[in-house]
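Below, each chain spelled out in residue letters.
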Amino acid sequence: MSQPPFEAVHVQKSFQQGTSQVVALRDVSLIGVEAEFLAIMGASGSGKSTLLHALAGLTNIDDGVVRVEGNDLGEMSDARLTRFRRERIGVVFQAFNLIPTLNAEDNVRLPMLGMEGLGDQVGALFESLGISNRRDHRPDALSGGEQQRVAIARALVSDPALLLLDEPTGSLDSVAGQALCQILRDLSTQQGRTVVVVTHEPAVACWADRVVVLRDGLLIDEYSTAGIDDAETLARRYQASLQVPVVEGRSGT
Amino acid sequence: MKTIALLIRSNLLSRPTRTLLTTMATAASVCLLIWIVSVYLSAIRSFDLYASRALGRYQLIVDPVSRKVNREVDPQAIEILRARDEVATIDPMWARLLTVRAEPGGASIHPVRQNSNGYAAEEVLIGTDAAEPPFDLINGRWVDGDQTESLEVVISKALSELLGVGVDDGLVIPGPTNERPRLEIIGVIEPPPPTVTGAMVGSRMLPSPSVGGLFCSMRDASWIHRTKPIITFAGVVLTNQADVHAFRYELMPELYKLDNPAQFMTDLDMEEEMSEAAKAGSLSVQAYVVGALATLMSFLAIYSTLSMGVNERTRHLALLRAVALTKQQLAILIAGEGLILVGLGLAVGVPAGWILIRIVDSATKGLIRHGMDVFPVGILISIGISGVAALLAAMLPAWRATRVRPLDAIAPQNQALSGRHNRTNGWLVAIAIPLLAVLPWMSFIDAPGPADPVLGRLVFGSVALVIGLLLLTPVLIGIVERSMTTPLARCLRLPPKLLAKQLASQLRRTTACAMTLSVGVGMFAGIHVWGQSMVQAFIPTAWAPDTTIVFEQPLSDLALRQVTSRRDEYRVEPLIVEQPRLRDDVLNSAEFPSVTRQMVVVLAGIDPENAFAGPDPFIETDWIAGTPTDAAIRMKKERGCVVPDHFLMQSGLSVGDELVFVPPESPQQTRRYTIAGAVRLRGGQWMTKTTDMRQRTHRSAGLIFADYQHVAEDFLLSGPRHLWVRSGGRRLDRNRLTEDAKSLDGQDVARSAGGQLDTIRIIPTTDIGNQIRRSAQFWLWFMSIVPLIAMAISSLTMVNMFLASVQARQWDFGILRSIGFSRSVLVRIVIAEGILVGVIACAVGTLFGIIAGWSGTALTQATSWFGGMRIDVAMPLTSLAIGNGVMLCFAAFAAVWPALRIGLTSPLTLLSQGRDPTH
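So the sequence lines, in the order shown, correspond to chains U and L. Position in the first sequence (from 1) plus 79 gives the number in the working numbering. Position in the second sequence (from 1) plus 34 gives the number in the working numbering.
One chain only, chain U, in its complex shape (with noise of 0.2 angstroms):
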């Protein structure tokens, strides 16, 4: 039986701010479904980020299990877990996600820079997501749009099973967003990557197949979206779920 692409057990994580202890995730378990585009929402401080990060190895969770293609990634090395992620995620942020002093291509090729033999692969990528015209670009040179779609491309560059985007759409207009959710779902759709989306906003999360709702750090609400067509619905899907009592240990499947 083949492993999920990601599975988070019983995850708990807290951050120390100030001198209080506030609990970004609690008891959160979720698995996710190969070629599926997953969407995470919740309202500024509901853990989501959180939860994203752990799911990269980003950051080192308090208790539970963080598992990538059946991988466990508290079990990692920080070198085998920095090879790991280069290798098998794709890690996109909101904004600064390109170094400055090299220009686009270097970008794309920065996680794999050491490998011969990726030119036709780099090309392909910069086509498929429409900006073949911007391989020499610095990043500085770049719309918000084009920069994220950079970002994607490098993410996409080792080939992962598992693309993680923490608001991408965050600093991007709305036509530049809805194009970059295009993409999004074409990676799922067409190459059968599993992504996932940390969002708040509605019209993002119409593009995804499931939605995961958090607050206060629980996992409230998860549904599919089939049947919701427009963003408008969704936001009322979204608002009712966050109207539901809070069950204490809730979980994903």
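Honestly, the hints are just simulated from the structure, not real lab data. Keep in mind that this is a model prediction, so the values were computed, not measured. All C-beta atoms in this analysis are idealised placements derived from N, C-alpha and C, irrespective of residue type, glycine included. Do not rely on the hints blindly, as some may be mistaken.
To be verified - Residues on chain U that point at chain L, a partial pick, calculated with CB under 10 angstroms:
#1 R146
#2 N182
#3 D185
#4 M191
We have chain U already, so just place chain L on it with the hints.
What follows is chain L alone, placed relative to chain U:
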């Protein structure tokens, strides 16, 4: 590695200005490093070149094993060697210092040159009955030991050039004896040019004919020195068939068995001895200090660039961690940047250093007479040291880079603020002050003895001092900001609040910048505080006469009576001076010779009543032991003497103890004097040196006063050659004084030489002080070149830091521009910040210089030749003002470029770039 190489390249190219400035600073440091390494290696090579020619025609030198004063070769050794078939020639030689003076107005066929010592030069006279000269004869003939008509000497080419004399010219020996000998120059030979350390090896003379400036027969040398000749060393020429090494090792045990054991020395032994000598050691210490400074400047330039890079690129480093690189790879990235920077510095600095040395070598042939070169090993050393400096400089930034977490890529940029600094200031001061006290404690309270190692104390104390100042710098930043921001803002017509807290809000950067700048000014201040304090010990103070009149020949009784009769016009005291040897080495000069630890003293006979007693003594000074009245009585009645304070302290003797002098003219009849008191005679050493009181040797443990009559009788002196004159506050008319002195000289009918009126020397004490000051100033400013270069290099680093600083604040500047402040205001703000950083650097550096310079005077006492005198710390305010002024100018100029860069940028650009200050 390819990824890392690409990132290094792209980062350095993305900041060409910073890379260029760092390269320039590193190149300047490398240049300095190559310079000092080359000078040192050239000097060491000169030992080799000198030693290879030092023996002249001889293959071996016979040298006494004993290192004690007045050591000599056992005559039996000469006999043993003469009896051997392998020995073709053995020439005993007697080397002893002698002061000679070119005879002015003599039969000179060359223009007689006046050097810094007048027409006089102190040279080694070698007495030898060798049949052939040891070196090539370039003019005239070699000495003939059989001729008795005149005193003939052959001189070295160097002495010939120094005094401007040659064959058929004459030399005279200044001195008290009535029969002033004239030496006829009959030839000129060419020994190897001296090395930077001269003919001395530590406290002893190198046993080779190359040390000689004058050569004459043994008989003439004995006559000149008025003592029985000794064999200082002997040159050996072997027959062609003899094997030098076999001969040496065969004879060695035999020479060792003698009562006064002797040894063979070859050119290799000479070279080894020179390399290990104290002056060579001092040279290596200077090389280490300058090398360390150059390395430090290179370190600081690279460290500041890498550190700024890590600060600015936290997000990018975090992103690299998130998507590609491990911690170790980030560390390699930073270290690689450091190595590339130093590589660029070497690429520029090595050729620049080579060109510099070529220029200096051709411009100043006399600096190192055997020539100066850039040695491959010197370049390798420079590359090695620079590489290590770069790696060390990269360590902390690399460690900080590894501490960057992947999630810092999305974290808000750190805003450096200093709320807690005020709370920690008290702790910083509490820790810093004891650290600042470590070096003075080790120098003064727990002062090292002559045999104690000093380097460890110096390093430990200096490191503590630097750490103390580093901790104190944030406090100084606060003080300078509070006290100087408002007045400076007013001067530059800026709203004071725009300047307030700018430096404290970037505490780490300001501290790093101030510490970097303070290196040069600290060294500068240290050199001047130390140097001026040391110099003060040589400058005669109020105890000394206003003027000294020196006659070539002793005054007759008639003239002396005339001197006495003029006492109501000037106050005049005749001095009768001899330079006897101490029978016992009470100052332990054999173990630790120094300027005040010698076997010979200057003994000045003076009227004790006039000199010390009464309400208005001629010599008014502080008494360390005894009282003026008692001392005067004991001088008169009991052959008492008054010694300088350092003499009493170093000898461990006290009032009532006895000193036994050996008169030069009658060595068998020793003279006993009792210490009647000790006085402070600051500058007494130089006073005796410059007023011709050291007639027999240039060494003297100090100036000792005794009763005039006793000295005259005991040392067979006919009359005084020195008159000390006081004008009682009136301005001395030098012309009149000269005329008076000439009239005394003219009436002295008893003198045999007579009539050399132009040889009367009128020496105002202020001239002595001024001469010392001038000479000291020259050397202090010469030594200050390196700190000034360090200031210039550090200002390049400051430009870098300020560029980074203004770049990080582009948003703030954009806001200021958008709300109506002009370009000029922004420019003035940045320049004002530069001046404030300069002030902080001056404060830190000057504090370092004062503490280090002050402590240095004490450590010098323990280690150097100049040890032994009482040294009070002097504050060279003018020099400090100049050093600090230069530093402030550098700091202000360093801020101009960043200021203009910000001032010339449009508000919109500032705001847009300010959103992400890494752009």
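Right, here's what the structure says about each hint:
Here the hint on U:R146 is broken, as its CB sits about 19 angstroms from the closest CB of chain L, past 10 angstroms. Interface hint at U:N182: satisfied, since its Cβ lies 9 angstroms from the closest Cβ of chain L, which is below the 10 angstroms cut-off. The beta carbon of U:D185 is positioned within 10 angstroms of a beta carbon in chain L (closest approach about 6 angstroms), and the interface hint is therefore held. Hint status for U:M191 relative to chain L: holds, with the closest Cβ pair at about 9 angstroms, below 10 angstroms.
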